[in-house]
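Generate the whole structure from the sequences, applying the supplied hints.
So the protein sequences, as listed, match chains U and G.
Note that the first sequence covers residues 3 to 277 in our numbering.
Note that the second sequence covers residues 305 to 620 in our numbering.
Since the hints were derived computationally from the structure, they do not count as laboratory data.
Among these hints, one or two may not hold up.
What the hints assert, rightly or not - The list that follows gives simulated cross-link-like pairs (lysine-lysine, DSS-like), each with its CA atoms no further than 30 Å apart:
#, chain 1, residue 1, chain 2, residue 2
1, U, K277, U, K13
2, U, K265, U, K277
3, G, K516, G, K427
4, G, K427, U, K265
5, G, K427, U, K277
6, U, K277, G, K516
7, G, K516, U, K13
8, G, K427, U, K13
9, U, K104, U, K277
10, U, K265, U, K13
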Amino acid sequence: MISAQTSLRSKILLSVVGWLVVFIFFFPVLWMWMEALKTETQAASSPPTIFFMPTLASFQEVLSGDFPPFFINSAIASIGSTILVLVLGLPAAYALAIRPIKRTQDALFFFISTRFLPFAASLVPLYLLARDLQLLDNIFALTLIYTTINLPLGVWLLRSFLLEIPNDLFEAARVDGAAFRHEILRIVVPLIAPGIAATSLICLIFSWNEFFYAVNFTSSVAATTPIFLVGFISGRGLFYAKLAAAATVSSLPVLLAGWIAQKQLIRGLTMGAVK
Amino acid sequence: MKTGSSILRSVVGRGGARDSAASISGRDAWARRLPLLAAFIYVFLMTQIPFVLTIYYSFFNWNLLKPGSFKFSGLDNYARLITDESIRTAVWNTVVLTVSVIAISVILGTAVAMILNSDVFGKGLMRTLMIAPFLIMPTAGALIWKHTLLNPLYGLIPYLLKPIGLGRVDWVGQAPMVTVVTVEVWRWTPFMMLIILAGLQSQNPEVLEAAKVDGANALQAFRRITLPLVRPFIELGALLGSLFVVQTYDSIYMLTYGGPGEDTTNIPFLLYLVAFQGYSIGQASAIGVVAVIITIIVATFALRTLFSIFQVEARR
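What follows is the structure in structure tokens.
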């Protein structure tokens, strides 16, 4: 009886501490949403406004202004590079998992070393090449760069999922020929669907939020969402509500995708090491 | 006893049995490599060839704003790096930023993960809200901090800190590194928390119960049982995290633009300044080569730790 009471008390205490910490970390996000729903005068008031009548005016202003093309460019670069990663990465992961080659480990480490090579290593030549080919400020050039960034992670991640499929399945397909291979596709594709989902999520997060190449390789035509936000660095006059609305909309796709696919998130971020 | 290496079971070490499959004829070996080829060639073209060119350019004096300035200059660019104070400042700032962000976010991440792993109300919702900072676009997050939270006139934090005499502090201007570290810790703590929480959840709760029955206090149980178990997860988080944090660029661009002076200019930001503000292609390339060398040194240490874990795994 006494022990049950103390354990309930410690549960309440721990919950309070936990919620306090979580609230502090989540607060900037909450504050961003609140600012986005204020009028500009409320957003730039001293002391800060806590209670107010929410308005969607800032969202309307952002979405009806010059923001949508940036958003569309981000979507093209993110979705395009994700598809390319899957197209190039799946066969590679298959080769490294199901039909391993002699130097599987070397190949894996080659891929991952390129992911963590500082962008300083290849930045200047890529920039000069893009300039000479008239590919600066071109969304497809940016898509190709994002594919380079995400492909190594994609190969590792897809391989880790392929390893979970029993080898016998593939052996059987090889022996029994094409008709059976068709059957296998029906079994294997659903099995690696979570792997494809996790890979797509990670590719989406990294390419949607990418800033370095976006700001240096694009200017107006191909500029992505983060570049739209650059305009707010030292804005004059009242712009906080509009900034918060733009930041909210910019962050929404990745925030939602990450929340929906929380389980895939850890596995993706650790290249398949942690499930 | 469970070894920490098991967390990495799905990565390199596995597939060993398949490797030793029957001897492979020449033609079959090619059929096996073929699916790998497209990805391999793509990555090679986009990373290795440019890197060789970077090394090549680093021996030239070349400014894009001065046509015809492409001239072989030997090791001049490297000599300038050694004498130039801004590269030393940038290296120092990179170290300070990376070490403090990783250290603080590992500690906070462990604490939050332990709370989320214990019996508390609303665990699922707590975790969901907690990972939000990592998912918010870094450029957006940095601007929200700079303008709506830290602005000395209208920001919420100076307002809240007024009672303790920090009411009109211009955090971005007066404590730029503290600001950048704070924003990055806010972003990376959820990342560490996720990985460490996965480690804690792989723990058998009965072992902890048994330790408590045997009279171990909470601190002893943490040090003797929990910590050894999550250590590999902490190492993994710190390794991956530092490889990302070393490249921090977004939040510096948005918060401080490397300033005031060079107070928050790290290596990526210096590279940006030299390459895209100064258009000194040769000099930027030399910085690139040095950055790669530093990364290789750091990563070799880190990867050796990881690799030993992989090796253990392969033997099991």
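Hints, verified against the model:
no. : hint            : in the structure
1   : U:K277 - U:K13  : 27 Å, holds
2   : U:K265 - U:K277 : 8 Å, holds
3   : G:K516 - G:K427 : 23 Å, holds
4   : G:K427 - U:K265 : 15 Å, holds
5   : G:K427 - U:K277 : 19 Å, holds
6   : U:K277 - G:K516 : 28 Å, holds
7   : G:K516 - U:K13  : 17 Å, holds
8   : G:K427 - U:K13  : 12 Å, holds
9   : U:K104 - U:K277 : 27 Å, holds
10  : U:K265 - U:K13  : 26 Å, holds
Hint compliance for this structure: every hint is met.
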